[in-house]
Each structure stands twice: as structure tokens, then as C-alpha cells.
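Colleague: Residue numbers for the sequence shown follow the working numbering, so the first one is 19 and each next one is one higher.
Just so you know, these hints were derived from the structure itself, not from any lab. Even for Gly, the Cβ is constructed at its ideal location relative to N, Cα and C. Hints are not guaranteed to be accurate.
Label pairs and their in silico Cβ distance ranges [unchecked claim]: (1) Glu39 <-> His59: 18 to 28 Å; (2) Val74 <-> Glu35: 23 to 33 Å; (3) Arg30 <-> Val74: 28 to 38 Å; (4) His59 <-> Val86: 52 to 62 Å; (5) Val107 <-> Gln76: 17 to 27 Å; (6) Gly110 <-> Tyr130: 22 to 32 Å.
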Amino acid sequence: MKILDLKELLIRSLDKEGDPEKASVRIEEAGVTYKFSEGFHDKVIDSIFSAGDTVVRQIEFVRNLNSVFYRIALTGVAAILIHMISIFVVQGSLSFDSFLGLGDSYDESIVYLLTGN
């Protein structure tokens, strides 16, 4: 059967008024089969979900994540150091009270300010 005849059969099989069973019989008589060799399904699935591509993508993701983490970590450390230097310059020491911004105030006055008693 020629290619044009096969195309015509396929186009006729798409007709709403045509009988699909007759069209499939004609196509099978033309030599077209819908049976695939053994292992075809597995080969297709393996080619779609090949392990090599996913491993490469995971390695690239980890590399990108590491570079982003180092950028964030370094800027965070730099911000902490700048903050500590500014506290030391303003308060004159690096005590726990200076980190909280308490300075020279008394504990009783803080409790009074927080509770109102």
C-alpha cells in the first residue's frame, strides 16, 4: 500500500460518521500493526527517566546551593562583625547588657517599665 493510501485511511478513521472498527481493519490489512516488541515499554521508560541526567542535575543543584549558602553565610558574618564593632564603639564594652541595649540602667527599673509596678 502506498503512503498516500495509508494517509487517506488514517484521515478517514478520524471521521465522526465513519465506523472505527472498519477503519482499524483496513489499516491492519494495509500492514500496520500496533504490537511492539518485548521490552519496548521498559526501554522507553528508561530513556525518559535516565539516571545519568538526574545525577548530573543533582550535582549541579548541590553546587549551586553551596555557593548560595557561602554567599549568605559570609554576608551574615560580616553583618555580625559590623554590629559588634558598632556596639563596642557606642557602649564602650561587649557585655551582655550592651548587646541588649540596656547600658547603665538597673534591673528594677526595667521590671518597672515592663510591668508597670
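Colleague: Do the Cβ positions of Arg30 and Val74 conform to the proposed distance bound of 28 to 38 Å?
Modeller: Given about 47 Å between the Cβ atoms, the range is violated.
Colleague: Quick check: does the Cβ-Cβ distance between Val74 and Glu35 fall within 23 to 33 Å?
Modeller: Cβ of Val74 to Cβ of Glu35: about 52 Å, so the range 23 to 33 Å is violated.
Colleague: Could you say whether the range 17 to 27 Å given as a hint is met by the Cβ separation of Val107 and Gln76?
Modeller: Roughly 47 Å apart at Cβ, these two residues miss the hinted range, so it is violated.
Colleague: Taking 22 to 32 Å as the hint, is the beta-carbon distance of Gly110 and Tyr130 inside that range?
Modeller: The hint (22 to 32 Å, Cβ to Cβ) holds, given that Gly110 and Tyr130 are roughly 25 Å apart.
Colleague: Go ahead and decide if the range 18 to 28 Å is satisfied by the Cβ distance of Glu39 to His59.
Modeller: 26 Å, holds
Colleague: Holds or violated: 52 to 62 Å for the Cβ distance of His59 and Val86?
Modeller: 40 Å, violated
Hints 2, 3, 4, 5 from the list above are not met by this structure, while the remaining hints are.
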